[in-house]
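Could you put together the complete structure from these sequences and hints?
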Amino acid sequence: MKTVIVVGNGMVGYKFCEKLVANEESKDFKIIVFGEEPRPAYDRVHLSEFFANQDAKALEMAPAEWYIENNIELIISERITDIHRANKKITTVKNREFSYDYLVLATGSSAFVPPIKGVEKEGVFVYRTIEDLEGMLAYAAKLKDKNPNARAAVLGGGLLGLEAGKAVMDMGLEPHIVEFAPKLMPRQLDSRSSQVLQLKLESIGLNIHLSKATNQILGAHAITGMEFGEDDILDVEMLVISAGIRPRDELGKSCDLKMGVRGGIVVDNKMQTSDKSIYAIGEVALYNQMIYGLVAPGYEMANVAVSQILGKQEIVMAAEIDMSTKLKLIGVDVASFGEPFMPAAKGHSVIFENKTQHLYKRINVSLDGKKLLGGILVGDASDYNMLHQVYLNSMPIPEDPSQLILPANEGGAFGSAMDLPDNAVVCSCENVTKGQICCSVTDDGNETLKDVAKATKASTSCGGCKPMVDDLVKETLKSLGKVVKERICEHFDYSRQELYDIVKMKEIKDFDLLLDTHGTGIGCETCKPLAASLFASIFNETANKQETIQDSNDRYLANIQRNGTYSVVPRVAGGEISPKQLIAMGRIANKYDLYTKISGGQRIVLFGAKLHELPLIWEELIAEGFETGQAYGKSLRTVKSCVGSTWCRYGLDESVSFAIEIENRYKGIRSPHKFKGGVSGCIRECAEARGKDFGFIAVEGGWNIYIGGNGGANPKHAVLLAEKVDKETAIKYVDRYLMFYIRTAQPLMRTAAWLDKLEGGIDYVKDVVINDCLGIVKQLDEEMQFMVDTYKCEWTEAVENPEIRARYTHFVNSDEEDKNIEFVNLREQKMPTPWA
Amino acid sequence: MLDTLLQDYSTVQLERVKVWFKAAKINKFPKNGGACVKYKDKQIAVFNFSRENKWYACQNLCPHKMEMVLSRGMIGEDMGTPKVACPMHKKTFSLDTGENLNGDLDSIATYPVKIEDNFVYIGFSE
Ligand code: SRM
Ligand SMILES: Cc1cc2nc3c(=O)[nH]c(=O)nc-3n(C[C@H](O)[C@H](O)[C@H](O)COP(=O)(O)OP(=O)(O)OC[C@H]3O[C@@H](n4cnc5c(N)ncnc54)[C@H](O)[C@@H]3O)c2cc1C
Ligand code: SF4
Ligand code: FES
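Chains as they are written, first to last, in the UniProt record's numbering: chain A, 1 to 836; chain B, 1 to 126.
Just so you know, these hints were derived from the structure itself, not from any lab. Where a beta carbon is used, it is the ideal one built from N, C-alpha and C, also for glycine. Be careful, since some hints might not be right.
Pairwise CB distance ranges, derived in the manner of DEER restraints [as the list claims (entries may be wrong)]: (1) Thr-729/A - Lys-54/B: 30 to 40 Å; (2) Leu-14/B - Leu-513/A: 27 to 37 Å; (3) Lys-506/A - Ile-26/B: 26 to 36 Å; (4) Tyr-764/A - Gln-7/B: 53 to 63 Å.
Cross-link-like lysine-lysine pairs, in silico, DSSO-like; alpha carbons within 27 Å at most [as the list claims (entries may be wrong)]: (5) Lys-121/A - Lys-144/A; (6) Lys-466/A - Lys-90/B; (7) Lys-42/B - Lys-18/B; (8) Lys-28/B - Lys-610/A; (9) Lys-42/B - Lys-57/A; (10) Lys-65/B - Lys-466/A; (11) Lys-457/A - Lys-65/B; (12) Lys-18/B - Lys-610/A; (13) Lys-819/A - Lys-830/A.
Now the structure itself:
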């Protein structure tokens with residue numbers, strides 16, 4: 001049995017272990033890992049998330065048990081101090097000795113602290129470890145106690161510096177970024193994009209100081225300021241240094257491995273150092289005379305080192321390493337890929353800039369106009385993934401390359417996912433290529449996304465690539481001449497739209513009957529709620545009638561929460577609520593000891609109701625004039641409003657009245673997915689109507705209607721359906737649009753995704769709902785009117801019906817409560833005991 | 001405390017049943033749905049597959065986040081295997097074997113059910 005010792009349990013050291021134990025052959029190795037930090041490896045890339053929740057566990061790459069389960073001996077809080085190459089031993093700071101056959105140095109790097117006078121002062125931090133962040137948090141809290149307007153600076157305006165700037169801003173300190181170069185992110189951005197970025201950052205409250213060389217840090221014990229020139233001083237009480245990294249190469253130096261001139265342990269393309277038994281990977285390794293300060297090359301190095309140690313000599317590091325990056329967290333999109341700056345001799349640049357919207361896009365194209373060489377995106381990086389794929393795979397680009405970056409160019413320029421080369425990595429979590437996905441369909445006979453996912457693992461991790469995998473599966477099936485059927489599940493050989501028509505035409509109102517006549521088996525958690533949604537959308541049946549085919553939340557007309565209790569969300573149409581109603585709600589919440597908050601949808605949510613309390617609470621709310629808010633349903637949620645011309649000095653029309661009217665019109669309507677609305681009194685758009693499935697904005701001369709927007713995981717702005725129409729027309733168009741969506745969308749598809757998939761897009765919707773090109777608007781109008789006329793409050797129905805009420809008990813054979821529900825205190829309210 | 005709860009539940013095979021616990025009348029259980037039965041300190045989810053006229057029982061505790069919620073889940077079938085989907089995150093479990101069908105969570109404990117005189121009985125070994 002051979003021994004592999006890994007020095008450093010950071011991101012790359014961890015990845016090495018993960019890759020090693022994934023191989024059968026690893027059974028022949030004893031693996032020992034040393035980490036100097038007091039905890040197992042964590043995700044440094046997402047370090048800033050620690051500020052939000054201070055949850056170190058959430059950042060763990062793997063829990064301590066993982067190492068045990070995989071027979072890895074993990075020794076933390078113990079630094080390696082020496083390597084004795086002659087007899088293949090290492091010594092730790094506790095003077096313990098260990099022998100190795102292979103030694104892997106994954107010691108990473110540390111923050112570079114420039115030799116400025118006074119850097120040792122209290123209040124000066126670096127940004128690298130959880131301990132650094134804890135120190136900053138504690139110090140910032142102390143500062144703010146003394147001075148609520150305390151200021152903090154970040155030295156360095158690079159990728160990391162900006163992230164640190166956002167972090168100090170989120171800590172409530174006035175943030176300043178100090179950069180030596182005349183522009184931000186000097187390594188990734190050209191000067192124009194850097195200016196656009198600066199404007200954007202200033203607009204969110206960061207103060208930027210460029211071309212500043214810091215002479216000294218002022219202050220007696222603790223920092224009070226930074227001095228740049230004689231009269232050039234910035235008063236700050238805290239400083240975060242983010243001026244680059246230095247490899248932790250001291251072990252290499254002391255045992256005489258070959259080193260770079262400016263540090264770093266030299267490795268070849270096998271990740272071997274000048275001693276064949278010693279490998280170096282990650283931020284300590286100097287490859288191609290470079291230290292790669294990104295995690296992806298580090299992971300690749302880990303992969304190469306594992307392969308080499310296991311004897312797979314053909315696997316070596318690529319000669320060129322992709323340094324494309326996308327800035328995260330800061331609330332502004334910034335990305336650069338390939339060759340961001342380009343000498344005119346090598347190619348041409350296409351640049352789009354719009355400073356009013358803080359938008360800058362640049363792509364660099366080869367001289368013959370055929371290849372994408374690199375680019376920069378500031379303000380909107382939504383095309384980054386696709387552009388990056390085009391660059392990586394040298395895919396052909398449109399004759400007019402500006403199509404790749406011009407706005408209002410909905411997807412057209414890229415063609416389909418089928419244009420990707422076979423070796424393009426579609427699922428980067430599981431490293432699955434387009435070729436593997438397509439082969440799984442053509443060669444292995446998998447015909448659904450589910451089967452392909454099972455066979456290839458694509459889309460099973462973070463799920464971000466699911467839409468692309470789905471497209472690939474469908475397109476491949478089509479290319480085989482197979483009809484691609486959006487089959488609901490194993491129980492119904494129909495698409496949602498087909499089943500919609502069946503239910504409607506044959507007036508089938510009962511799930512069992514639907515199964516008997518058109519399905520097989522007994523159904524599942526996919527087809528049951530889908531059928532329930534159809535019965536609701538077509539017959540306006542409430543969720544009370546066939547309760548066991550409803551989605552979990554609909555079954556009890558409430559959203560289930562962490563500890564099995566529920567939330568209570570009464571409708572507050574348009575967000576308008578009277579003091580009297582507030583008092584009533586407060587009284588009831590108090591009586592049942594419910595946690596209370598204002599929801600993100602402009603209404604009030606009461607949390608922590610036990611199952612048996614739900615009818616009691618609702619009975620009292622209904623008596624006070626409230627009705628269900630259907631926060632649980634795939635149905636209308638809220639119509640958000642701004643105060644509009646009633647109060648606001650800019651308002652052009654009464655947005656609150658309109659929002660209330662429209663919320664009451666659409667309440668109770670069930671749809672393929674939830675839908676939300678917004679009404680703003682003018683284009684300042686305080687109601688965020690363009691972030692909703694439908695939105696109205698008052699303009700001079702009427703209302704503008706927008707459709708197909710949402711927030712959520714893939715935010716999308718709504719697009720214009722009609723301009724300057726009166727209220728009645730606006731309602732008519734939206735009625736038709738919604739019914740058309742309800743009829744034709746796939747299950748769990750929001751309006752934005754529906755619009756995106758709809759052939760002809762927004763122009764087609766206009767044709768259908770305004771020009772009546774299908775001749776169906778009369779029918780759509782009638783269907784909507786039926787829904788409006790037959791609305792019932794489900795909770796009123798439930799509390800009045802003893803049979804429905806009886807569903808709300810925890811046990812069938814006892815009136816006892818569930819003893820396992822636990823709460824803990826939270827800021828004078830309560831919350832569920834957190835999950836382990 | 002909830003972690004130790006898991007130890008209260010282990011599968012009972014029909015031939016090991018010592019006690020048939022008379023839980024409740026069959027009409028107390030929703031058609032094609034579930035309800036929760038209390039037996040000593042245990043919570044048992046009982047499911048009425050009325051379409052097939054079959055009954056199943058399992059622990060009410062979901063091993064994913066240790067919440068007492070499975071009886072409130074939706075039932076169905078996966079290629080002939082009867083299953084329940086947890087209402088919290090839709091993890092599905094076979095009601096035949098207790099196996100987690102869409103992940104690698106620990107299996108849940110299952111219990112025999114019999115119907116006599118319109119009453120539901122659950123089999124326990126203690
Ligand atoms: C309570 C609330 C958060 C809060 O504390 O404020 C909330 C809570 C939940 N949201 Fe939300 N969302 C809430 C406002 C929002 C908003 C803001 C808004 O409406 O303006 C959004 C973004 C806007 C949008 O939808 O376009 C939002 C986008 C989502 C999404 C992502 C949808 C998407 O299309 O990507 C989900 C997931 C889903 O529905 O599949 C979600 C799902 C959920 C669920 C249902 C998750 C779940 O299944 O339990 C949460 C239910 C908790 C509960 O018991 O009610 N929630 N959620 C907000 C309730 C608003 C209300 O009054 O009804
Ligand atoms: C705030 C922040 C944000 C970042 N964002 C991104 C990003 O968006 N994208 C990206 O690609 N990269 C990002 N990075 C960089 C990325 O985190 C690093 O590239 C990556 O962590 C390098 O991994 P590593 O294992 O080589 O080094 P590290 O993660 O630093 O791990 C080295 C470990 O070795 C330990 N060690 C050192 N010497 C010894 C010794 N003698 N004995 C025992 N243990 C020792 C250290 O304590 C450390 O725990 C970010 C970094 C930071 C700090
Ligand atoms: S964003 Fe919505 S779904 Fe996510 S935790 Fe918050 S409330 Fe829950
Ligand atoms: S708690 Fe049951 S699936 Fe998460």
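Each hint tested on the structure:
{"no.": "1", "hint": "Thr-729/A - Lys-54/B: 30 to 40 Å", "verdict": "violated, 55 Å"}
{"no.": "2", "hint": "Leu-14/B - Leu-513/A: 27 to 37 Å", "verdict": "holds, 34 Å"}
{"no.": "3", "hint": "Lys-506/A - Ile-26/B: 26 to 36 Å", "verdict": "holds, 31 Å"}
{"no.": "4", "hint": "Tyr-764/A - Gln-7/B: 53 to 63 Å", "verdict": "holds, 59 Å"}
{"no.": "5", "hint": "Lys-121/A - Lys-144/A", "verdict": "holds, 19 Å"}
{"no.": "6", "hint": "Lys-466/A - Lys-90/B", "verdict": "holds, 18 Å"}
{"no.": "7", "hint": "Lys-42/B - Lys-18/B", "verdict": "holds, 16 Å"}
{"no.": "8", "hint": "Lys-28/B - Lys-610/A", "verdict": "holds, 20 Å"}
{"no.": "9", "hint": "Lys-42/B - Lys-57/A", "verdict": "violated, 32 Å"}
{"no.": "10", "hint": "Lys-65/B - Lys-466/A", "verdict": "holds, 26 Å"}
{"no.": "11", "hint": "Lys-457/A - Lys-65/B", "verdict": "holds, 24 Å"}
{"no.": "12", "hint": "Lys-18/B - Lys-610/A", "verdict": "violated, 34 Å"}
{"no.": "13", "hint": "Lys-819/A - Lys-830/A", "verdict": "holds, 17 Å"}
This entry does not satisfy hints 1, 9 and 12, going by the numbered hints stated previously.
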